[in-house]
Amino acid sequence: MNEPQSSVPSDVILKVEDLHKSYGDNHVLRGVSMQMRRGETKVVIGPSGTGKSTLLRCINQLSVPDSGRVWLGDKEITCHRENINCIRAEIGFVFQSFNLFTHLNALANVRIGPMKVKGMKKDAATRLAMEELERVGLADKVDAYPAELSGGQQQRVSIARALAMFPKLMLFDEPTSALDPELIGEVLEVMVSLAREGMTMLVVSHEMGFARSVADEIIFMESGGILEQGPPEEFFTAPKEKRTREFLSKITELYGE
Amino acid sequence: MATIWQSLELLIVKGLPTTILLTLGLLGAGILLGFPIAFAQVYGYRPLRWFCRGYEQLFRGIPALVLILILHSGLARSFNILLPAFTSALIALGLRSSAYQSQIFRGAIQSVSQGQMMAARALGMSKIQAIRYIILPQAFRLSIPPWTNEFSSVLKDTSLASAIGVLELTKQGTLIFTRIQFVMGVKYVLVILILVAFVYLVLTYAGNAALGFLENRLRIPGFEMKGKVER
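The listed protein sequences correspond, in order, to chains A and B.
Sequential numbering from 1 applies to the first sequence in the numbering used here.
Sequential numbering from 1001 applies to the second sequence in the numbering used here.
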């Protein structure tokens, strides 16, 4: 094991430093800095187009940031000497649109990462995949293809697919936004139990109930930066910024308490 | 009547094997070259993309017969490089078919949704692994229906090889009728040509049926690229 760098305390899983990203003239991220300790859950909220998803994508380098640095544990992701594939294997990513592999059934979707990325033997990977599918409550759907599953089930398979890689950190990019209202609950339930089990999770979501019950911190982003952050009880009852209050009242109107 | 049966037998024994061999060779060459070209066009770096685009434009833009003549008669007369007729036809038609097939595969690759590549990379797969394990199997299935079309045109285009003397179905047919018209009369020219056409028809039908079977075998529930939940 390498000694952790002195600048990063050992229980800090993720450190983001002054991240900038532009798409053409659109300056999406304007200097975002944050960090996460092991076992923390943070929920990112904010109006659309403020760079929440871009932040997640820049963390695992699906989008390459223009400047700024990102560390996962003691490894600097933004350093070109690091093998990006090895680092991504340690970061689970859950997409808004699930992105399950359409030609593989649920079991094979979960198994393919451990097998192809980590070189795990097929029967061991199969056992692991069964366990993960059980964990998200889909033990009876192992043979189903994505198109045969509901949105909520697909999203749970995609969570199992990420979990099978034993990630140090899970990123959720609006995991319930593409779901029918009655399917949201089953996905949130899985996420809540993950958070309780001590998974480190960074979640972009407007599910305030979820944020209230499991988040250690709420991050409010606007115009490509973090405007305000704090523990949920503080954040929801006494937001400091006027803009945060406006946003929260809109969200409450839309989603209820 | 007996002559017709004998002619048919001759076509099948002496012409058909070469036609089938040539077709299989062309389809094989088309896949072996077409797939890499397609992937290079979609995922390759710029110079490679340009090269592949040029290749594809060139060989889709020249008539198959002209290409055959260049490779056979052209090379032989000008450079004294005499390729066997079968080899010339295989190369010429293979280049052409690989150019067409590359476009079929390119379309298939591009219709695999972007999210598939993104999800594969997010798991930690390299670009090559993502192509190999995620994109290729999906693109392969998507390309069967349009590829079926290419199969029948490749099969029929093998008849162009008769122009440089490859002894396949068409050439065999013309050899038969030139001989038998003196014995049986000129009306047999048409009879023999219809026989030749009939053999091609049966071949095309059988090939399409086999590909349809393959398509069904590889069918996956709802493989229609369902990306989003309906809301």
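If you are wondering where the hints come from, they were derived from the structure by calculation, not from laboratory data.
It should be emphasised that the depicted structure is a prediction, and the values quoted were computed from it without experimental measurement.
There may be inaccurate statements among the hints.
Said to hold, decoys possible - Calculated pairs, DSS-like style, for lysine-lysine (alpha carbon to alpha carbon, straight line, at most 27 Å):
1. A:Lys250 to A:Lys168
2. A:Lys121 to A:Lys141
3. A:Lys168 to A:Lys122
4. B:Lys1187 to B:Lys1014
5. A:Lys75 to A:Lys141
6. A:Lys116 to A:Lys141
7. A:Lys122 to A:Lys141
8. A:Lys116 to A:Lys168
9. A:Lys122 to B:Lys1187
10. B:Lys1127 to A:Lys121
11. A:Lys141 to A:Lys118
12. A:Lys168 to B:Lys1127
13. A:Lys250 to A:Lys240
14. A:Lys121 to A:Lys168
15. A:Lys75 to B:Lys1014
16. A:Lys118 to B:Lys1187
17. B:Lys1156 to A:Lys116
18. B:Lys1127 to B:Lys1014
Of the hints given before, which are not true for this structure? Hints 1, 5, 9, 15, 16, 17 and 18 contradicted; others consistent.
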